[in-house]
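Peer 1: Chains as they are written, first to last, in numbering that gives the first Met the number 0: chain A, 0 to 259; chain B, 0 to 311; chain C, 0 to 358.
Honestly, the hints are just simulated from the structure, not real lab data. A hint or two may mislead.
The calculated DSS-like cross-link candidates involving lysine-lysine, where the alpha carbons are at most 27 Å apart (straight line), are [claimed, not checked]:
#  : chain 1 : residue 1 : chain 2 : residue 2
1  : C       : K92       : C       : K168
2  : A       : K234      : A       : K34
3  : C       : K92       : A       : K96
4  : A       : K226      : A       : K34
5  : A       : K96       : C       : K128
6  : A       : K76       : C       : K168
7  : A       : K113      : A       : K96
8  : A       : K128      : C       : K231
9  : C       : K348      : C       : K9
10 : A       : K73       : A       : K226
11 : A       : K22       : A       : K234
12 : A       : K128      : C       : K13
13 : A       : K226      : A       : K68
14 : A       : K76       : C       : K128
15 : C       : K231      : A       : K96
16 : A       : K73       : C       : K231
17 : A       : K76       : A       : K34
18 : A       : K34       : A       : K192
19 : A       : K96       : C       : K348
20 : A       : K113      : C       : K13
21 : A       : K96       : C       : K350
22 : C       : K9        : A       : K128
23 : A       : K234      : A       : K73
24 : A       : K76       : A       : K234
25 : C       : K231      : A       : K113
Read off the chains here:
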Amino acid sequence: METNTDDCILSVDHISLAFGGVKALTDICFNIREKEVFAIIGPNGAGKTSMLNVINGFYHPQEGEITYKGVHRKQMKSHDAAVQGIARTFQNVALFKGMSTLDNIMTGRNIRMKRNLLWQAVYLGPARKEELENREVVEDIIDFLEIQAIRRTPVGRLPYGLQKRVELGRALAMEPDLLLLDEPMAGMNIEEKQDMCRFVLDVNDQYGTTIALIEHDMGVVMDISDKVVVLDYGKKLAEGTPDEVRGNQAVIDAYLGVAH
Amino acid sequence: MQAFLIDPFVMMYDAPLFFVEVLVSGLMSGVMYALVALGFVLIYKASGVFNFAQGAMVLFAALTFVGLWELGVNPWLSLILSALVMIGVAFSVERVVLRPLVNQDPIIFFMATIGITYFLDGFGQTIWGSEVRPLDIGIPNEPFMDFADWSGLYINKFDVFAAVVCSILVALLAGFFTKTKIGRALRAVADDHQAALSVGIPLKTIWTIVWSVAGIAGLAAGILWGSKLGVQFTLSLIAFKALPVLILGGFTSIPGAIIGGLIIGAGEKIAEVYWGEVMGGAIEDWFAYVVALIFLLFRPQGLFGEKIIERV
Amino acid sequence: MIYREAGQFKTSYKSDQALLPIAQDRFFIISLLAAAYILVPMVANDYWLNSIFLQFFIFSLAAIGLNILTGYAGQLSLGTGGFMACGAFSAYKLATSFPDMHIIVVLFLAGLITALVGMLFGIPSLRIKGFYLAVSTLAAQFFLLWLFNRVPWFTNYSSSGVISPPPIKLIGDYYITGTQATNLTQYFFTLTLVVVMALGARNIIRGHTGRSWMAMRDMDIAAEIIGISPLKAKLSAFAVSSFYCGIAGALWAFLYTGTVEPLAFEINQSFKILFMIIIGGLGSILGSFLGAAFIVVLPIFLNSAPALLGLEISGALVTHIEFMVFGVLIVFFLIVEPHGLARLWGIAKEKLRLWPFPH
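Just chain A, with the same shape it has in the complex (with noise of 0.2 Å):
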């Protein structure tokens, strides 16, 4: 364990993690600062999703402890993690199919939206008020990821680039203190993965948000992540700078494959 633990939002400790016989996550401890944008990477079936699927409270760790904003936790659903803050985007995109761009990103703010279901069958009122203060923060949200164009199409019709941009868009209407980004860049071209990057770090700038990503393209983990930390069958390879990290043997080893 690292001792600086002051500025740390989220520290990971000894997690463990099995479906019936089969390990997927085995004694992993890191913390991730705040501010800083955090890389898990590894190999296929590395467990780095299962990872994320933890720290969010979707699978439950049968050892270890996650401590978030200096609270310790054991048990959480996903529903109360997004509550205090952890918003997340999806490997396979995890959007509404059947609503439009500008729903799937309203969905966002529906932890900030209080009013009950008397008002907003009245409509007027309260309710509009409070629709129309979060649209705004959603417009804000659009106009930051360049869709405004696609507001009003039902996202199954959008192309993959685009809709990943959306599910960003989505996470961030959340107004998260720690965003999860599961291979935000998958499937891209280069020109994508570079708006991409540009919207997390700007993302990161502009709002201070924390961020935690899995990325498979050691171009784009190495340029924008500050630090890095290595998974393979369930156990933590190497932990420290992307240059640090570049030098491991281990990390080397498992990347290129050598003789067991």
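Following the hints, put chains B and C in place on chain A, whose structure we already have.
Peer 2: Only chains B and C this time, still in chain A's reference frame:
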């Protein structure tokens, strides 16, 4: 409260033989529920379609059988003809309903089968009329007297006959599904229509086969239930008895359907005999559902279903 | 050329969020309402007012209720009839226990009671999904009907089994139920109620609760991860849906048939309403109306068609043929347009916007 909590058990203790009779007759109808439930399972397992029309198929098959017989056709010939009619139904369903809907959501298929239910109910009664027809297949509805004299237990001959026939059919169907090559292909189709097509499984044939088999299972159930209750519209409602069996056993499990059928059949009978009066009667309308529902709250995947790990 | 929004610019989010942002749509709805309030009462006879319009309004309400649950929140329900019965019997108990209670209060409270019952039967939806849930909603259907059939308290210990709601005054000397109620009073009352409740439903659906329902429907896991509580989303859908169905059931018993009996709400009624939302369009308020209209008009058409063709067909046969036609239509609609009449309407509007150009 006493009438509810204590008296029934006192009754069971005081008259153990009667309790065994109730239990046995419950189990016997349980086997018949299982047969109807199995028709559902077969189609669900093989195509992922929740076939609401199973009950209507039971009615339609029974109506056809009785109708032909009444027209003077030899009963064995009517049996074969009715089976052929059910295969014809399977062909038409595949051609007219299922094929145009490939790759739609399961809920769309489900609603389409409600459409089929309405059609078959209407069609059957348009052709054969809607009056109650008695059906006598020559098995007397009376207890084995020798056995009763010897043991004091009254076991109905017809119930035993029905249970034996159902058991044989259930065993055949289970074998068909797990042991044959077609059975394997069927399971592949259930997982993913498109993927099954892409590895060369002929979807059309598979669908026609399962619907035919389910139709013939429906014919058997229809004849057995029909000789018990008379062939009439209410046969179609047998489906509602089979549904709780399905939730209890799991939609995809053959052993589940059998065990679920037995539990529901026995439970329902016991509840009706011992608690029905206290609660106002006719509780078998909903008893099975409530049992299944309470059970589901503790085990959402059913008796034999596997726990699904959700991924994102 | 006629239906085009070009030139209608919005300068605020407020106007962009309006219910009907396009002027032509506003015009259309206003003329429809004008026709319903002025034209229909002028020309329609009692048969039309009572048998067709009243039935249509009540079915529309029930269809909106089911559409909220199934079309918007994605929870397939086969228990609509049970919830309608619950509304009818709650209203009956309320109206007979508190004779001075105003009809609107009776309906509202009956709706609330049904909403609670609906939430109770919605609890399994937190653990189970899809067809398992559909089957478990049948538990509501069978159990509730059995309850009202067998427990004499609900029928005020009536021995005949046929019970009627007491005559209730709407305002002044105008009765809304009982023999003194005129068809016209009932027409206006139900029409107004349906308009208000449809508007309320539309508003809830475009607000955050509606979005949480649709999110739950489209991808429940993602919805939970972005902070939508499944408990709140699902139970609120059950509650609102049952509220609508409950009021529809109460209206059915009090205004339409004038008797309160469980038989009117049996399983076929549940299916009928399910058909309405399939034919009309899942996830569409407009579709609920279109579907209800279709299902109300179809049997009337089928009943009179043989006579028009000069054929003599017995009543029983007509019923069977009606079943067949229903079945065929359901399948037909699912194959041709799984999104129902509402989608056809949408496509027609799209075509009109582009007309006379093909694209």
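Peer 1: For each hint, tell me whether it holds in the structure or not.
Peer 2: Against the structure, the hints:
1. Restraint check: the Cα-Cα separation between K92 (chain C) and K168 (chain C) comes to about 17 Å, which is no more than 27 Å; the hinted pair holds.
2. In summary, the hint linking K234 (chain A) to K34 (chain A) is supported, as the alpha carbons are separated by about 25 Å, within the 27 Å threshold.
3. Proposed proximity of K92 (chain C) and K96 (chain A) is contradicted: the alpha carbons are some 44 Å apart, above 27 Å.
4. Our distance criterion of 27 Å between C-alpha atoms is met by K226 (chain A) and K34 (chain A), whose separation comes to about 11 Å.
5. Annotation: proposed proximity of K96 (chain A) to K128 (chain C) holds, straight-line Cα distance about 19 Å (limit 27 Å).
6. Only pairs whose Cα atoms come within 27 Å are accepted, and K76 (chain A) paired with K168 (chain C) is rejected, the gap being roughly 51 Å.
7. At most 27 Å may separate the alpha-carbon atoms for a hinted pair to count; K113 (chain A) and K96 (chain A) meet this at roughly 25 Å.
8. With a CA separation close to 22 Å, the supplied pair K128 (chain A) and K231 (chain C) stays within the 27 Å bound.
9. About 20 Å separates the Cα atoms of K348 (chain C) and K9 (chain C), which keeps this hinted pair within 27 Å; it holds.
10. At most 27 Å may separate the alpha-carbon atoms for a hinted pair to count; K73 (chain A) and K226 (chain A) meet this at roughly 25 Å.
11. Under the criterion of a C-alpha separation no larger than 27 Å, the hint pairing K22 (chain A) with K234 (chain A) is consistent with the structure, at around 10 Å.
12. Simply put, K128 (chain A) and K13 (chain C) have alpha-carbon atoms about 9 Å apart, close enough for the 27 Å limit, and the pair holds.
13. Taking the CA atoms of K226 (chain A) and K68 (chain A), the gap is near 19 Å; set against the 27 Å cutoff, the hint holds.
14. Of the supplied pair hints, the one linking K76 (chain A) and K128 (chain C) holds, its CA atoms being roughly 19 Å apart against a limit of 27 Å.
15. Taking the CA atoms of K231 (chain C) and K96 (chain A), the gap is near 21 Å; set against the 27 Å cutoff, the hint holds.
16. The suggested pairing of K73 (chain A) with K231 (chain C) holds, with an alpha-carbon distance near 23 Å, which does not exceed 27 Å.
17. Between K76 (chain A) and K34 (chain A) the CA atoms are separated by roughly 24 Å; this keeps the pair inside 27 Å, and the hint holds.
18. Note on K34 (chain A) and K192 (chain A): the hinted pairing holds, with a Cα-Cα distance of about 22 Å set against a maximum of 27 Å.
19. With a CA separation close to 22 Å, the supplied pair K96 (chain A) and K348 (chain C) stays within the 27 Å bound.
20. For the hint linking K113 (chain A) to K13 (chain C), the alpha-carbon distance of about 19 Å falls within 27 Å, and the restraint holds.
21. Between K96 (chain A) and K350 (chain C) the CA atoms are separated by roughly 24 Å; this keeps the pair inside 27 Å, and the hint holds.
22. Distance restraint check for K9 (chain C) and K128 (chain A): the Cα-Cα separation of roughly 17 Å lies within the 27 Å cut-off, and the hinted pair is therefore satisfied.
23. Under the criterion of a C-alpha separation no larger than 27 Å, the hint pairing K234 (chain A) with K73 (chain A) is consistent with the structure, at around 20 Å.
24. Between K76 (chain A) and K234 (chain A) the alpha-carbon distance is near 25 Å, which keeps this suggested pair within the 27 Å criterion.
25. Restraint check for K231 (chain C) and K113 (chain A): the C-alpha separation of about 12 Å stays at or below 27 Å, so the hint holds.
The structure fails hints 3 and 6 (numbered hints given earlier, in ascending order).
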